[in-house]
Structures are given as structure tokens and as C-alpha cells.
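Peer 1: Protein chains in written order, with our numbering: chain A, 1 to 307; chain B, 1001 to 1307; chain C, 2001 to 2307; chain D, 3001 to 3307.
Because the hints were derived from the structure by calculation, they are not lab data.
Take these hints with a grain of salt, some might be off.
In the DSSO-like style, the derived pairs of lysine-lysine whose C-alpha atoms are separated by at most 27 Å in a straight line are [claimed, not checked]:
| no. | chain 1 | residue 1 | chain 2 | residue 2 |
| --- | --- | --- | --- | --- |
| 1 | D | Lys3223 | C | Lys2223 |
| 2 | A | Lys286 | A | Lys100 |
| 3 | A | Lys271 | A | Lys110 |
| 4 | D | Lys3024 | C | Lys2039 |
| 5 | B | Lys1140 | B | Lys1286 |
| 6 | B | Lys1271 | C | Lys2024 |
| 7 | A | Lys38 | B | Lys1223 |
| 8 | A | Lys100 | B | Lys1038 |
| 9 | B | Lys1140 | B | Lys1100 |
| 10 | A | Lys24 | B | Lys1286 |
| 11 | A | Lys223 | B | Lys1039 |
| 12 | C | Lys2223 | B | Lys1024 |
| 13 | D | Lys3024 | D | Lys3038 |
| 14 | C | Lys2110 | C | Lys2100 |
| 15 | D | Lys3302 | C | Lys2039 |
| 16 | B | Lys1286 | A | Lys223 |
| 17 | A | Lys38 | A | Lys100 |
| 18 | D | Lys3286 | D | Lys3302 |
| 19 | B | Lys1024 | C | Lys2288 |
| 20 | D | Lys3039 | D | Lys3223 |
| 21 | A | Lys223 | B | Lys1100 |
Here chain A is said to cover these stretches of chain C; the calculated rule only asks that three of the stretch's residues, wherever they fall, bring their Cβ under 8 Å from a Cβ of chain A [said to hold, decoys possible]:
| no. | region |
| --- | --- |
| 22 | 2136-2148 |
| 23 | 2165-2173 |
| 24 | 2239-2253 |
From the three backbone atoms N, C-alpha and C, an ideal C-beta is built for every residue, glycine too.
Protein chains: 4
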Amino acid sequence: MTRKIGIIGLGHVGATLAHSMVLKHTCDHLVLIDTNEKKVKSDALDFCDMVANTGYPVHITVNDYAALQDADVVVSTLGNIELQANNTNDRFAELPFTSKQVVQVGRDLKASGFHGVLVVVTNPVDAVTQLYQQYTGLPKEQVIGTGTLLDTARMKRAVADRLQVNPASVSGYNLGEHGNSQFVAWSQVRVKGHAITDLFSQEELDAINYESLRGGHTVFFGKFYTNFGIAAAAQRLAEAVINDSHEEMPVSNYRPEYGTYLGYPAIVGRKGIVERIDLQLTEEEKEKLLHSAETIKENTRKGLEHA
Amino acid sequence: MTRKIGIIGLGHVGATLAHSMVLKHTCDHLVLIDTNEKKVKSDALDFCDMVANTGYPVHITVNDYAALQDADVVVSTLGNIELQANNTNDRFAELPFTSKQVVQVGRDLKASGFHGVLVVVTNPVDAVTQLYQQYTGLPKEQVIGTGTLLDTARMKRAVADRLQVNPASVSGYNLGEHGNSQFVAWSQVRVKGHAITDLFSQEELDAINYESLRGGHTVFFGKFYTNFGIAAAAQRLAEAVINDSHEEMPVSNYRPEYGTYLGYPAIVGRKGIVERIDLQLTEEEKEKLLHSAETIKENTRKGLEHA
Amino acid sequence: MTRKIGIIGLGHVGATLAHSMVLKHTCDHLVLIDTNEKKVKSDALDFCDMVANTGYPVHITVNDYAALQDADVVVSTLGNIELQANNTNDRFAELPFTSKQVVQVGRDLKASGFHGVLVVVTNPVDAVTQLYQQYTGLPKEQVIGTGTLLDTARMKRAVADRLQVNPASVSGYNLGEHGNSQFVAWSQVRVKGHAITDLFSQEELDAINYESLRGGHTVFFGKFYTNFGIAAAAQRLAEAVINDSHEEMPVSNYRPEYGTYLGYPAIVGRKGIVERIDLQLTEEEKEKLLHSAETIKENTRKGLEHA
Amino acid sequence: MTRKIGIIGLGHVGATLAHSMVLKHTCDHLVLIDTNEKKVKSDALDFCDMVANTGYPVHITVNDYAALQDADVVVSTLGNIELQANNTNDRFAELPFTSKQVVQVGRDLKASGFHGVLVVVTNPVDAVTQLYQQYTGLPKEQVIGTGTLLDTARMKRAVADRLQVNPASVSGYNLGEHGNSQFVAWSQVRVKGHAITDLFSQEELDAINYESLRGGHTVFFGKFYTNFGIAAAAQRLAEAVINDSHEEMPVSNYRPEYGTYLGYPAIVGRKGIVERIDLQLTEEEKEKLLHSAETIKENTRKGLEHA
């Protein structure tokens, strides 16, 4: 009956996600884990100070891996955002650092007996999701990265702004790496009953593609982190699991034909990836996706060498 | 028909409150104002990146006082939390700094034609609420500080923890300054059908009183700011206004018999303070409240001299 | 600032919709109107008995057209469902009866000075929406019928059941009359990254089409009314207006090329129909739509003759 | 992880409660049981037709007691409201009829292996709760009636109307039978910082007491059933269990000193009645409560004789 969710890493994203979960009463029991014990205890107490004014009960456990044994979902939001700031905003710049933490956290999760769904936000997310899968030993379906779910949201926002429509009324996806090699799969984007390619010139499509990729950079360089958009993506993904919603969404999931985790739509439910979708992409899109997969694999290899 | 809310100051509290309002869809139109234009624009874009995943539309205007002319509620969350860290955590340490900003913001609000309800979170909140009332020229009923609403939540949490009950099932209030001279009015606290004084020894009551006051310090020194608890208090107060809920809650409101704003229960609705409550306090409590009122007035005078 | 919604007709659908609005706190002020004064007063009091347990304030006005002058949205749910039961479930069987009420209500709304958006649920909805537009004198964009929004939901449910996916992850629409001449526009239905026609045989598509049309009949003959599905459709439509959400949804809107109101996707916002969509239908679909439009016009003419 | 709730009896109250649970997404899995199979299947399908427009997944099982084996909460809303209409609105008029059903349902629940919390709405609720406890063999703490939770809401509404305050800002309770022998325990009612007895004359208190008792009658005789207020009470009680909220609320729970179930405040959580409260009542209130307890026991005895 209890709904239990763990969040590992109470930085900007982790704390914002925990706030979202407390406000939306997504679970009964939150387990918060961070190497900065003072910070995570402070956040936990701060959340408890909300209850008298919101009325929703909140049970929080701090820094106890054993409490994750029966968690439904664990979200990894650990990272060191400063590494990106110093490295021209390539998310792979974080890999040598985060990979060490991820290996340890993966082992600790495995030792805890955790057998739910692991949602990965930690960057570079496609590589890190793979690492987690290896070190937790969980089935590939139960380890999911937020992938291009946020980039897709940014693409939809860019389209929606131009057409005065709700972003949720735009369908379609960004595919591939949650990073610089991703792209909008224009063949899949529809809005107002039309293929997007009927509505915009190639120049305009390029501008939207750029915005969906660089949207994160604009946010990033305004405050040197991003939190609200990515937390909303992670919240939605965690809800799809905990509610067994069987929603289709583009997330980082393992695609055997590419030999890597990458952003691609799937049906998400209580067991994690319930079904992989097969899109009918154009030849150009297939090439871009292959290139993006190669980039993920190459950068993962290099990043781990430097770790 | 449109529900419009302004937030002035997108620091830890302002950004957390804006996040809460976006998640709870408290309003249709958010106006965000901050002197750090890059930061506030970054936050605004980050909020827009949530929409495709939440489905709720968000309209955000940045740094435009004119847009506040027809706002229903404006919340002041500006401040410089580092000033507290350097000054033994006395909220009055912020006054010389914030008072200058508050005077300017008050004048800008007045010039905008804003005539809704101003909710003040900026510390020292009782003094700053008074300053805002003077410089905006709004009726006293339309300028409200969060006051001891957060301290009361902390008291209820401390009581609730001891009795294994929901904090919302504890009634009663902390009164006076949102600061070191506040106190729990034990004569008003009831839980499980009993006066709290029947359930705990004086020693234990002192411990609860200390926790409700120092709770903020524990949170503060863990991360050098507090945001979630105070944002939940401000959210509840803003909702009471925008929903015309006529809830009773302890907030900083002007009490003529004390000649100052201070934390004391009132009925809150669309017009702000709809009715002042009159409690039947013990003689000791009356003295403490008088002392707290004097402290607010004295510190306000001193703080403004140093401004 | 106040959000005011009127509901005319507190039968099964009207009462269920009001319940939904109270639970979701869609508005601050509900105006409930019904010719059975005892019933509507009873419902109003029953809603007020919810408040102590939900905490949300509810303001309700009963049977006062003058209170609709500044309403944001009015929903017409009046009707006499027994007329359908006696007439082989053709929604046009209600027209001779409801048309008389609709003319009077339209005039009363006009006299009240109401100038918001009128949402029509009353059957036969396409004909009644047109009548309301004529008698209120509101712009065509401000009078909207729920149309095939419910039928589309039924189609999505039928598709979703077969594919183990969330109905909200199915895109596409039922078009035309909210009645027996409607049809699923298969060219527009996509799910799991595929055109629906790639996934199902014609036989299976026919079965889904039948279910989406007859789904209502199954519900109807189980309890001799339908309320939950249609109330959810009306709730979503009213929310799109009051939140200015600019969502795309298939609703009954006036299409000049067909000379009638009928179910067809549009962008909905605060002003009602913000934009008409133009679909790229197949020739067969175009013919079906033309036929459905003719059916609506013919049945409307006949129904009014018998009124 | 799954949250499963059963509702037995899909009449006015059961269907309204199910609607509330679907709208608030209180659980993942609803089990609906009714002797009128056509009606309950119709309701189930009608709820599924909501999903495409609300986005929340709903899993519904119909008429399968075995599915209740691992339910968290089961709510009994069965009854025959027409029996009240013919019997001067005494809820005990339903006992000879409902007691037979209750015995059978109690046995079926026991046979299913259900071991969660049983919430009883069926009237006469205090008697029926006791019967359910006997026939299910569940611990007394796990069988709870809505009792005077609704009457208390009506009392708070009557007080709130007079004082222009939110009903949720009134504290206190109606005690005893959910029926004619109940009473407001004035010694416990506080509002705006005062004992209610300081604010109203005895005459006015009598009027409020009458309204809180007769409020149900006014609703009842306007539509010959009541549903919204009682469904909100049952929803809150079920949420307190499923969220383990440890809220205090007046519900029908077994009090050994009176030898019966009756309306009296208790702390409610996942295990049901987590703690019994002991109020400090006046002598007059103690006598009224004793009288109400005797009435419940006497009427239960008589009603069962006629069954």
C-alpha cells in the first residue's frame, strides 16, 4: 500500500524534484540520500515544516540505503554541475566525476535489495543509465533515463510559442543523446492536424531544433544550473511508473539495435519500460540516430577511461 | 477571470514559491521581478519547459511593474540571506539592507497602480510589512506578512512528532515577532481534545517552544537558507486571498492596540485581512506579546537609523 | 479575479459536473439553475456540506440568472433523458422538447448580460449549440458544444484497451454529429508511433468505430443515463476556457463550409474557439463528414418543425 | 505499491464516492460491487470514458470479491434509501433490510481474505459498523463508520455561515449516533479564538444544533437521497487510512465504556483507528452521549429482531 520513492542527490534538481513530490503527494514515504548530511537533513526538516500548512502527511527517511529495499522508484539526481560550467556545457564533462559515484551508488542500491524502477537524471544521462544498469544488475527495463524527455518538452515549447497552442497539443519527439548529438525527428512532429514540415520552412525548423537543444543552455547560463524543467520531466516519468500509466514518452531506454541507451519513445508503466516503440523514421533521421548512438558510445568509452 | 500573481525577488524563497504556484496552478499569469535579469529570465524559461510534461499552461511576464497593475496578489520575497549568516541569525540584521529596496519597490508598486493584496515574506517581516504599507499607501488590511505562520507550523510539527498525530490536527499559534521575541501561546494550543498544558510538563513545553523558534536555525545552518517551509506558508496565505477562503491563520497584521504589525491570528480573504481575531490570552502571554511588539518597534527604529 | 461558472440543468450530468468542479476547485463561485427548485437547493446545500471535509471554499448561488452577467463560463446540461429511452436512443428525439427550453434559456442568458463562453452539453448537441448561438446572440466562437469530445474519448479507450496503452497516448478524433452519423477519422489516428491503419485490419477498425459510437449505448442501457464520461469532457472543455489553455480538442464548433456546428478539432482558450483547425482528410472521410453535416441540418429542421 | 479500494453498493453515495476517487486519483485500482450487475458495469465503463480527457489511468474490476483480498480499504455504501423516505427519515428504518445484506457481505469479505480497513457508510451506520465487525471478524480498529463526520461538517457549516469564516476553521464535533439522538458537544467547539458558548446565545446554539441534525433532512427531502456531503466525508476517511495521515476526526468507532460503536473523535491512519481520544465533556454532554449510546443499542436490538 505504501508508496515509497528514493531520491539520491539533493542538489538543485533533487531538491526541486522532492519539492514537487511533496506538493503533489506522489508518495507517502520519501527516502533522501546525499553525501552532504547537513544539507539533506536541513531539506528534510524544511519539508516537514510544510505539513501544517499543506495538510498532507510526509514521512522522510534520510541517508539510509536499507530503506530503499522496498522502494517503488529511486531517482538518481546526483552530479556536479560545476563541471559543466567549466567545460563548455558538454554534459559528458561530468562523466569522469559522476561515474565514480554512480558505480558506488549502483553497488549500494544492489546491496539494499532494491528491485523497483530506477529513474536516472544524472548526466551524461544515457551513459550513466547504462552504468547503473550494469552495477545494480537490474533488468534493462527497470533502469530508465529521462533522456530526451526534457529536450522534447523544449521543442514543443518552441513550436507552441510560434503557433499559439498548448505545448501538450504538439506531438513528436527529440531522439538520441540527451546532449549535443540529439535532433528533432521532424517526420514525427504533428500540430494542429498537420505535419510540422507543412507549416514551417527548413530555416524555421532549424531554428526550433536549435532552441530545443540550446534552450537548456539559455537556462543554464542564466543561473548555472537548470532544475524546474528537468524536475517536471522526472516527476512525470516517476508518476508513469508509480501509477502504472502506460503513457508513451521519449526516455532513455536500451535499444538493442543501437547497443546503447538513448532517447527514444517507449510505453512506461509499473515494470518500467513496458514496450519499446518502433518509429518509421526517414533515412536521414535513421542516420542521425545512428550517429547519436555512436557519439554516446564513444564518449562513454572516453569518459570512463578518464575516470 | 484571469488570476494574476506577482513575485518580487527570485532568490531561494521566491523561486520555490513560483515553483509551487506553477505546480498547483494557483494562477494563470505569473509576473516575476528580480534585479538579476539573467537569473529571472532563466527561471521563467525553465518554468515554461515544464508545460509539455505537466499540461498546465503558464504565462510568465518578467521584470515589468506595469503588469502588476491588475495583479490579485503580489508577494515580496526579496532579501539578502547572507546578511543573516554573518549576524548570528537575527532577522533584523537584514533591515538596513532590505529597507532600501523595500522603499523603492513600494514606490514602484504604487506607481504601477497595483491595488490587490501584498503578501510580505521579506525579513524582518513585521518591520518590512509596515514599510510596504507606508510606501504603497495600500490600506493596512491589504498588506500582510507571513509572520508567525511558519513558526506556528514548526510548533505544530514539534507537538505532532511527540504525539504521533498530523500537524494539521494541532490547533494554536505562535504570536508576536517572526523572530527571537516570539512565543507559543500555550493557552490556545489544543490537541487530541486536550489543552496542551494537560499533556506536557513545563520542561517539555519549553523544549517545544525552543524547537519552534530554533527549527528555522537548524534548517538555516544546514544549507544557509530556508525555502520549502516558508514557501508553503506564503502559498497558503496567497491561496486564502485568491480563493477568498476566510480561513483563520496567524499572520503579521496591524494591531492598533500594539501600534505595529505582528503575528496574530486573523481571517484572510480576497480583501486581505477580513477580520481581526481577539484571543483570550493569559496575563503572562499578554506581557510577552507586549514585549515582542516593543522589540519589533525598537529594532525597526534602530534598523532604519542604520539604513 | 473571481472565477464564476454557471450550470443550467442539475440532472445527472449537471450535478456530476458540479461535483467535479467543486472537487477540482475549478471556480470560486458556482451558479446553479434548474426548474426543480427543491432539487437544486438540495444539491447546493449538499455541496456546502463537503467544505468542512475538503477545506475548499464553495460559494453557490441558486436560480438567479442575474448572477450570470459576469460568469466566465456557463454550461447547459438541461435535457430530458427519458425521451431518449423511449426513442431507440437517437439523441434527436430530445430536440422537440429541449428546443423550447433552449430558446427560453438563450433569451434569459441574453437578458442577463452574460458575455462569456457558453458550453453546450444538451442533446442533440450540434443542433442545440446552434440554437443557443442564435438566441443568445453571442459570437459563434463563444458558443461551443461538447460534440465528439466524448466519442473521441470512447474511441481512444477502445484503441487503448487493445494495445495496453494509456488512452491519452492515442491521438486522433471522431468527427461530425455527436450522434449516429459520426465516424472515426482513421487518417488522423496515431498510436505507438504508427498510423492506426498499420496496426489493425479493417474489420478491427470497424469494431472500434462501433464501440466508440455504441459505447454510449452500453452505458446508457445499464443505467438509463450517462454522466461520468460526458461530465469529464465538459469539465475539460470548461477548464480549457477558464485557464486559456489553447489546447486542441474536437468539439462542436461552427464550420462555415458545412453551414453548421459539428464535431471538429479546434484550439480552445478564454475567448472560446481561438482557432479552427483544418485537417487533411481522405476523400471518403470528407464525404462522411458532409453526410454527417447534412444529417444534422436535416434532423434539426425536422425536430424544430415538431417542436 | 498498488493502491486498491473497493466500493460495495453503487447507488447514489457509492457512485458519487467512486467519482470522487477517480477524479482525485485516490487509488490505482477500484473494485466495484453491486447486485445490479448492469448498473455497476455501466458505471465502470462510464468511468473509463473519462480517462482520455483526464489523463489519469483507472483500473476497474467489477463484482469480484476475490479482488478484495489485498484491498487497502473497502467502503460499504449499500442501502435502500427508499426505506427511509417511507419511515419519517429515521435511519434505523433501514436496519431490517440492510442487516441481511450486511451479514452476507461481511461473510463474503471474510471469505475473500480481506484484511485492510473497512469504512462503513451504510445506515444506520453505528449499528451496521458493529455488524460488519462481527461478521468480518476484523479487529475493531479496522472497521470504522463515517458516524458523525458528516453531522460535524453540517454543524461547522452552520457556524461558519453565521460568522463568515471557513467551516474548516471551526473546531469541534457532533457526538453519538449518526441519527436523531446525536448532539453538538458545545464544550469542544471553538472558532475565532473563542469558545462557541461565548459567541452565541443558547437559543442560537439550539438553532445550529437543529440545523446540523436537520441539514440532512433538508437535503434529503429535496432529492430523496443525499450524496455529495456524505461522499466527501467517506473520501476524507478513506484518504486518512490510505495516506496514513494520523488526522483526528469524529467517526463511528468502538468505545468499550459505552459497549457500542458511536461517533467520537479518534486518530485515523493506515491501521484504522490508531488512537481513541478522550474528551473532557460536561456532565450534561456525558449524559447525552450515554443516552445516544443506549438508543443505538436499543434500536439495533429491535431492528435485528424485525430482520
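Peer 1: Taken at face value, is the distance from the CA of Lys3038(D) to the CA of Lys3024(D) at most 27 Å?
Peer 2: Roughly 25 Å between the alpha carbons, so the hint for Lys3024(D) and Lys3038(D) holds.
Peer 1: Holds or violated: are the alpha carbons of Lys1271(B) and Lys2024(C) at most 27 Å from each other?
Peer 2: holds, 23 Å
Peer 1: Tell me whether the statement that chain A covers the region 2136-2148 of chain C is true, taking a Cβ distance below 8 Å and needing three residues at minimum.
Peer 2: violated (count 0)
Peer 1: Given the hint that Lys1024(B) pairs with Lys2288(C), does the C-alpha gap stay at or below 27 Å?
Peer 2: violated, 43 Å
Peer 1: Checking one constraint from the list: CA of Lys2110(C) to CA of Lys2100(C), max 27 Å. Satisfied?
Peer 2: At roughly 16 Å apart (the allowed maximum being 27 Å), Lys2100(C) and Lys2110(C) satisfy the hint.
Peer 1: Are Lys3024(D) and Lys2039(C) close enough, with their CA atoms no more than 27 Å apart?
Peer 2: Holds - the C-alpha atoms of Lys2039(C) and Lys3024(D) are around 26 Å apart, at most 27 Å.
Peer 1: Check whether the Cα positions of Lys1140(B) and Lys1100(B) lie no farther apart than 27 Å.
Peer 2: holds, 21 Å
Peer 1: Are the Cα positions of Lys223(A) and Lys1039(B) separated by 27 Å at most?
Peer 2: holds, 5 Å
Peer 1: Measure nothing beyond the straight line between the CA atoms of Lys3302(D) and Lys2039(C); if it is 27 Å or shorter, mark the hint as holding.
Peer 2: violated, 34 Å
Peer 1: Is it true that the CA of Lys2223(C) sits at most 27 Å from the CA of Lys1024(B)?
Peer 2: Measuring from Cα to Cα gives roughly 36 Å; hence the hint is violated.
Peer 1: Regarding the pair Lys1286(B) and Lys223(A), is the alpha-carbon distance no greater than 27 Å?
Peer 2: The hint is violated at about 47 Å.
Peer 1: Verify the proposed pairing of Lys24(A) with Lys1286(B), using a straight-line Cα cut of 27 Å.
Peer 2: violated, 40 Å
In terms of the numbered hints stated before, the structure departs from hints 2, 8, 10, 12, 15, 16, 19, 22, listed from lowest to highest.
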